[in-house]
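With chain A fixed as given, assemble chain B onto it according to the hints.
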Amino acid sequence: MVAPVACAPTRTTMTEFEKLRSVLTDSHFLIPLIVFGIGLALLITLH
Amino acid sequence: MHGLGVLCGLGAGVWLGAAEAPTKLVNTGLSPFAISLCMVAGVFTARWSLPTLVKGTRSVFADLAANRHLIPTAIIAGMLWAVANTLTVFAIRDVGLAIAFPLWNTNSLVGIFWGRVLFGELKGASAKNIAKVLLGTLAIVGAAIMLGFSTIQGGGSHASHALGGILAAAGASLLWGTMYIPYRKAYVSGMNPLSFVTIFTIGELGTVFALVLALDGGTQAAVFHSPEVGHMLFWLFLGGFVWVIGDIFQQFATKYLGIGRGIPLSNTNQLWGLAWGALVFGELAHADSTHRLLVVLGSVVMILGALAVSTAIATEREHGSIKQSLIRECDRYALDYDRVFHAYSGEAEAAGTGRSWWDLVIVAAAVGVFIWLGLKARVPTLTMNYLWVAVLSGLLVLSAAVCGWGLWKKTRFS
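If you're matching them up, the sequences are chains A and B in order. If you read the first sequence in our numbering, its first letter stands for residue 1, the second for the next number, and so on. If you read the second sequence in our numbering, its first letter stands for residue 1, the second for the next number, and so on.
These are computed hints drawn from the structure, not numbers from a lab. Mixed in with the good hints there might be a few duds.
What the hints assert, rightly or not - Covered stretches of chain B, going by a simulated chain A footprint (3 or more residues, C-beta under 8 Å):
no., region
1, 68-80
2, 175-181
3, 223-234
All of these numbers come straight from a predicted model, not from anything done at the bench. We put the CB at the ideal spot given by N, CA and C, even for glycine.
Bound-form chain A, shown alone (with noise of 0.2 Å):
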């Protein structure tokens, strides 16, 4: 399993407004939703 780590992170707050717009800018939401807006085109264009 994971060890803890003496590091802090170098952040300490951020509002809520701030962590969503850290999350629809994050890569880790980008590339699903690119690929949930090219397997809808897909589904309409088949359809």
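Relative to chain A, chain B alone:
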């Protein structure tokens, strides 16, 4: 935690494979969109039955409040599942299961790619472990192809829409492989799988509902008006119930094993799907020796593949790269590393523990829906082997009990 993750991955396979069984009892002229909507409505309702008893809503909502920023991530995962599931129906229609199934089953390879690129999975792993995961995954994909072929009777020409069908199957693979990015992200950020599933089902339901409204006749769609729907809803809801239990185990497998190891193990569902089809519904009764050989070979290869993936235990160096993905999340979203680390390790002290009276009301309402639909259900005239129904149902209960007990004992479902 590796052993627990493997247990959950295999348990997910047992349950996800069985989810198809109730839908075999439905023989209707409804569109793929309508069938998808009914089943996902069942998934949504079932989420509020047994899983609510496992961890009360107070705990789930406290976890969601602590991870509000991950809600869009869980919703997009549900949206990906819904579109991928509908694409598979088009793929089967246009090129047949024999071509479509192997294509979308490569989602585990897509998952391994994203796991490596985005979460550092297998980074720093020994050559032996990398070989075990890759070869094990390829074996499971290959075995799924063999089992898929064993169920094909006759074949048939689908050449007129071949390109569209292949694109649909490849698209489903891409979507289902990519769907694990949100899964994994939630867990390296310290979210609880039951909270994730709660939002995931909302994303699923909203998307299939929108698809019916946009592409299947809007409010005039047959699913909203056909009197036949009432008689078959119970079976689709039952399929949804079985699916959601499997998905919860799949979520825990992704949390404790990662994407690269979690997906191949839950993809063993093909073996269980075939077991239900062959033993309960007699789908291989008229199969020739070639088809029967494919079943035996496919089953053996799948078991060997699962064994290879299961024994690829991450080394310290690989854990080091996983640790980096936790630090990345904490740094990007100003999260408390200790809290995230304990949640990721299954050691979190859940906020808002205990169940409330409204949990019982919610569970009673969800169970009531199932009973109401059961009373309206039309029992199909299909021939079934009830001895095998009992044996396979017993295996379902046993696998859920073992996985549930393991999760409870080691992590309290955190």
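These are the hints, each one checked on the structure:
1. Residues of the region 68-80 of chain B with a Cβ under 8 Å from some Cβ of chain A number 9, which satisfies the need for three, so the listed coverage holds.
2. Coverage of a stretch by a chain is defined here by at least three residues with a beta carbon nearer than 8 Å to that chain's beta carbons; for the region 175-181 of chain B and chain A the count is 4, and the condition holds.
3. Residues of the region 223-234 of chain B with a Cβ under 8 Å from some Cβ of chain A number 0, which does not satisfy the need for three, so the listed coverage is violated.
When the structure is compared with the earlier hints, a violation turns up for hint 3 alone.
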